[in-house]
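Asker: Each chain, written out:
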Amino acid sequence: MTYLAYGVVAWVFAVGVYGAIVSRNLIHLALCLTVTQSSTYILLLTLGYRHGGRAPIFKGVKLGTAAVDPVVQSLTLTDVVVSVTVIALILALALDVHRQSGSVDPDEISTLNG
Amino acid sequence: MSWALPLPVAIPLIAAALLVVGGEVLPRRVQDAIAIAAAATATAFALVILQASERHDVLHWFGGWHPHDGIALGISFTVDPLGAGMAALACGLDLLALVYSWTFMRRQSQTFDVLMLTFGGAMAGFALTGDIFNMFVWFELMGVSAYALAGFMVEELGPLQGAINFAVTNTVGAYMILMGIALLYARTDALNLAQIGRTLERRPADRLVIVAFVLIVTGLMVKAAIVPFHFWLADAHAASPAPVCMLLSGAMVELGIFFIARVYWTVFAGPLELHGAGVRDVLVGLGVATALVGAAMCFLQRHLKRLLAYSTISHAGVMLAGVALLDPHSLAGVANLVLAHGLLKGGLFLICGIVLVELRHIDELEVHGAGRRLPGTGVLWLLGTVGLIGIPPLGVFLAHQLLDEGARAHGFGWLAAVGAVASGVCAGAMLRAGARIFLGWGAKEDALLTPEPDENAPERDVSLRLMATVAGVAIVLGLVASLAPGLESRTKVAAERFADTSAYRAVVLHGAAHGDAAAHLSYSVLRVDTASALYGLAALAIAAATAAFGLWHRRLPGGLRRAGARTLWPPATVVRDAHSGIVGDYLLWLSAGTLAVAAVWALTL
Chain W
2 MTYLAYGVVA WVFAVGVYGA IVSRNLIHLA LCLTVTQSST YILLLTLGYR
52 HGGRAPIFKG VKLGTAAVDP VVQSLTLTDV VVSVTVIALI LALALDVHRQ
102 SGSVDPDEIS TLNG
Chain P
66 MSWALPLPVA IPLIAAALLV VGGEVLPRRV QDAIAIAAAA TATAFALVIL
116 QASERHDVLH WFGGWHPHDG IALGISFTVD PLGAGMAALA CGLDLLALVY
166 SWTFMRRQSQ TFDVLMLTFG GAMAGFALTG DIFNMFVWFE LMGVSAYALA
216 GFMVEELGPL QGAINFAVTN TVGAYMILMG IALLYARTDA LNLAQIGRTL
266 ERRPADRLVI VAFVLIVTGL MVKAAIVPFH FWLADAHAAS PAPVCMLLSG
316 AMVELGIFFI ARVYWTVFAG PLELHGAGVR DVLVGLGVAT ALVGAAMCFL
366 QRHLKRLLAY STISHAGVML AGVALLDPHS LAGVANLVLA HGLLKGGLFL
416 ICGIVLVELR HIDELEVHGA GRRLPGTGVL WLLGTVGLIG IPPLGVFLAH
466 QLLDEGARAH GFGWLAAVGA VASGVCAGAM LRAGARIFLG WGAKEDALLT
516 PEPDENAPER DVSLRLMATV AGVAIVLGLV ASLAPGLESR TKVAAERFAD
566 TSAYRAVVLH GAAHGDAAAH LSYSVLRVDT ASALYGLAAL AIAAATAAFG
616 LWHRRLPGGL RRAGARTLWP PATVVRDAHS GIVGDYLLWL SAGTLAVAAV
666 WALTL
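Listed in order, the protein sequences are those of chains W and P.
Numbered as in this note's numbering, the first sequence ends at 115 without a single skipped number.
Numbered as in this note's numbering, the second sequence ends at 670 without a single skipped number.
No lab work stands behind these hints, which were simulated from the structure alone.
None of the values given here were measured: they were computed from a predicted structure.
Every clue listed holds true.
The following label-pair restraints were derived from C-beta to C-beta distances: (1) P:Tyr588 x W:Ile58: 55 to 61 Å; (2) W:Ile58 x P:Arg93: 47 to 53 Å; (3) W:Ala6 x P:Val90: 48 to 54 Å; (4) P:Ala667 x W:Ala6: 18 to 24 Å; (5) W:Ala93 x P:Gly88: 15 to 21 Å; (6) W:Ala6 x P:Gly478: 47 to 53 Å; (7) P:Ala661 x W:Leu78: 31 to 37 Å; (8) W:Tyr7 x P:Ile136: 26 to 32 Å; (9) P:Gly128 x W:Ala6: 28 to 34 Å; (10) W:Ala6 x P:Asp526: 56 to 62 Å; (11) P:Val113 x W:Ala93: 34 to 40 Å.
Note that CB positions come from ideal geometry on N, CA and C, so glycine has one too.
If we strip away everything but chain W, and leave its shape as in the complex, we get (with noise of 0.2 Å):
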């Protein structure tokens, strides 16, 4: 079951990357990024997660009940929100590449080369 969550993560991330070098719209590529980062939250919850484990919500539990890993759950959040800004930006950056050229293709709006 672990094994099947680990070659996930891998697929995934290899889909997104690769989604990513093919993409001929910005926005497309935006995307496959946050496909890309899903990956890492496969990754850190699955690392964190223990059978039969609770919500890691400690109020009123007894000592040693077995709870998943909260530290995981943090860095997930943290990295949406670090990763938002910077799709956010990617996205914002690509709205203005359209107003420009007219063109959200990477291919067609690159001017700097060699």
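Use these hints to put chain P onto chain W, whose structure you have.
Answerer: Using the frame of chain W, we list chain P on its own:
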């Protein structure tokens, strides 16, 4: 001293928040003054921390979460002289860039000041942190600020393309780092660098540790612009305003290198102890490739900022090779290189800003000879270039000397020659550009160089004197860096402490005093090693030859020219075409590079 550690980070971030809130009511000049005051205070605190850390490491546990019985749950800033030095350099360059922008960016919105402050604060946090997830957060914060700054001129297409390429590649790098961190946490249940290192040390590296090592190091190499992860850098620099380039080239790229060293010694040195050679060979190889590709691409540029950007890539390669030797002597050399290069290259970028304002173009052929009326600027350009060659006793010489000695001790004596060729060719390209612009030498056309779109010049209502003064301060400080009394012995002591893994752990986890308060920090004058001096002079000769070739290659005899074109042009074209400016290609290189590094290390470690 512990209380002061968060200040180089907190002051710029709080000031940035104030500027966002007060942006509507405060006059523009007051906002600029607040930003400059915040950066100056942060720099002052970073320097005070640097001085304190020279006696012993300084720690700050956020929220008072001190470790108990050698278990660290809290987040710490753990500061030794190299970390404090990086923070001071980042804050100092941020300060210079903001002062320079007083008139240069006058027409921009307050957003510029805000972003510069968050960028500076994030870089300081990155340099000071002792926690690997905290590092990731600073990595992303400095990334986001930098992407926004790179795309600041949104009315042009070039900056947008540069910012997108920069943001996308670095974001994928950040995800790889995060995965590596997650794997380390899974194995050790810890995020504190010292704690992770102590847990991993108990047994040799297995596949999980090696995968984590590959992910974290390659992710950092994206930031450090190492071949084949370097493509974003030139695009981002070509399009950013000059003061932003100063921060990108002078501090951010170096922070990537710095954290490779930090994470190696605190976390991976133990489990990979028996595989030092495998790590060293791969990283030295990547460093050498970066140094040479960067130098070759540097020579082929006519857009001044792009030219300097490729020279930064080349120097980053030398820095990585120095770190890769995995010994404190070379690390001291890298630290000196970061300092001198950051100031010199930062100053040169500021001169690009002056050229753009005064001559209205940033292309060396467009402004051919037009710089004759700016003799002072021309002299500064020459001084900056000379500092980057490594001739005794100026600029990066001390750094190259330490790196040469470290390389020789490990049987990599040829690295000194690579360093001389790389810095010689880069400096030659800069001398050529300077001679064309400020003296009007050489041909007005040059088919070897890549044409690039020009940049919209800012209005002329700037204070040239202020801008030239700031550039001059940076260049002169960089030029005399090697001559600072005692710098060599102090960086060596600092590097030895940086690489002393067990002492680092004792300080962090058990509160032991690290470093010797009574250590004799001498103020000795510069020592000049004959071999390194000769390499420096060789680099000077290469620089002069490269510049002369660039200016007058059409005067070479026809047969020689054709033979040269037949042998050199095809490989140069291949390398140049690889820098396509298309983000998908860059990601493909990134993936292929990561897989290649992973494959080599999976087989050899």
